[in-house]
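Residues per chain, in single letters:
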Amino acid sequence: MSTTPAAATARIRDQFGVEATAEAATLTVAVPRERWLALARFARRELGCLYFNWLSAVDWKEQGFEVLCRVENLEAGLVLMMRTRLGAAETHCASVTPVWKGADWMERECYDMFGVVFEGHPDLRRILLSEDWEGHPLRKDYAPDTPHAPYR
Amino acid sequence: MPGTETRQVVEIGYGGSERLVMNMGPQHPSAHGVFRAVLTLEGETVVALDAVIGYLHRCHEKLGETLTYVQYPSIASKTDYVAAMTSELAYVSAVEQLGKVEVPRRAQYLRVIAAELQRIASHCLWLGTWCMDIGGALGGGATVFLYCIREREMVLDLFEELTGARLLYGFHQVGGTRYDVPPGWDAKVRRTVDFIEGRLEEYEAMLEANAFFTARAQGVGVISRELAQELGLSGPLIRGSGVDFDLRRAAPYSSYQEFDFRVPVETAGDCFARYRVRMVEFRESITIVRQALDGLPEGPISSRPGVKSVGQVRAPKGEAYARVEGARGEVGCYLVSDGGPKPYRMKWRGASFSNLAVLPHIVPGHKIADVVAIMGSVDPVFGEVDR
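So the sequences go chain by chain: A and B.
Per our numbering, the first sequence starts with residue 1, numbered consecutively.
Per our numbering, the second sequence starts with residue 1, numbered consecutively.
No farther apart than 27 Å at their CA atoms in a straight line, the calculated lysine-lysine pairs in the DSSO-like style are these:
no., chain 1, residue 1, chain 2, residue 2
1, A, Lys140, B, Lys317
2, B, Lys367, A, Lys101
3, B, Lys78, A, Lys140
4, A, Lys61, B, Lys317
A few chain B residues that don't get close to chain A, going by computed Cβ distances all over 10 Å:
no., residue
5, Gln71
6, Ile75
7, Leu146
8, Leu156
9, Glu201
10, Thr214
11, Ala268
12, Pro364
Residues from chain B that keep clear of chain A, each with C-beta distances beyond 12 Å, as calculated:
no., residue
13, Asn23
14, Thr45
15, Asp157
16, Ala211
17, Phe261
18, Arg314
By construction, these hints were calculated from the structure, which means they are not laboratory data.
Glycine included, every Cβ here is placed at the ideal spot set by N, Cα and C.
Make a model of the complete structure from these sequences and hints.
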């Protein structure tokens, strides 16, 4: 299994029809939302990315959310940065928990902070904020001084 | 002769199949922070663990978006307050990567010295508290705690002399470090690490010759190689599970490629393996500190002029992810810049957050007493878990 950045780029191009950008050993691949889970499976099975590093999101305001996931093949030293744009006002994204167990807490945090709903997540609930918190603080439209009920 | 009632209690408690849900925490001495584990018990055996975190959440990522690149580094140290040097380093490295800022060699060496001393201090705290968790009453338990805290104090004294602060330093700044070494510091560091090196053998003799200690650490909380990778564990946890992954070696930063050190790897994956990894890391950190002091280059400590205003540092549009090997594993900072003096988005990849996620996978099947042993061996710092 060849996992040099160049070989991985070629295989991603064949499979997904997208061009990965390489910077040192880090490959960045952007796929449409529908191919997110397929890319995750491909990364694990074909590129040997067994190591799940982190998952998060960026709120691009009117352009909607972008979900990012960083996984690695430690033996080959390959780092894959997967990203997908959900589209304007879209909050649903496929969960990668079937591929890596480590995505569990990361997706919960992402749901907590951005309100991205990961479909297929076994236990999607808030993780850092309390269950009754209103809103998702890392959204750009959530002002830092949003009032909330005091704790009792 | 016991009455019927007493017999019933005993039967339900031990022999019965009733499940008991018990909260461990949020205030529990062995959590070393605020952490609640909801344990489902059958007798004394844990069958499920639900980790409830977030009690220490201070919205670091939102805060990162509202503070400038000059302001935030001193807040960065508050994520992992037990190893503040490394979290500061992760943040400023990300800004430097984004702005393509060169760091002078002297500053790189100073960062290495600070990071390794920090690892020693952090591991001291870990060893002491962990030993106390798994049995302060056992020979060596509370004793090791007091010894370790004493050694940690020596390192904190060094940091105090270097930066003026004992826990939250503000030592790093974009482009270098804020302080240079004070006169005579070099000799003090050498004396301190020599002293600690000698003490390590004593700890090992005290602990490894103690049958209670080995019984409570060996074969407890085994993490498989596969699980370690899939959960994104890092630091002593993944190296204790047979994966040779250390960022200082795998992706060298801050001139680590110039130092000669070993990366300890153990294959058992249990608490004892993680303990062994950390004990070797102590010594390797000491070696690195000595090498860095020997080879400390002359020159400036920062490539940027002194800070005059909070908006002085601007990063070009783009994004960067910088990661460093902290005492607990990979501490990473992901930054997205829109060209202004503040990041558009800042994300912390805290080693403790990923590491703590292993608990629900490895705790079931163990006794309640082992929960604290396993949790201690994971070495979570809740400031970094909750951010």
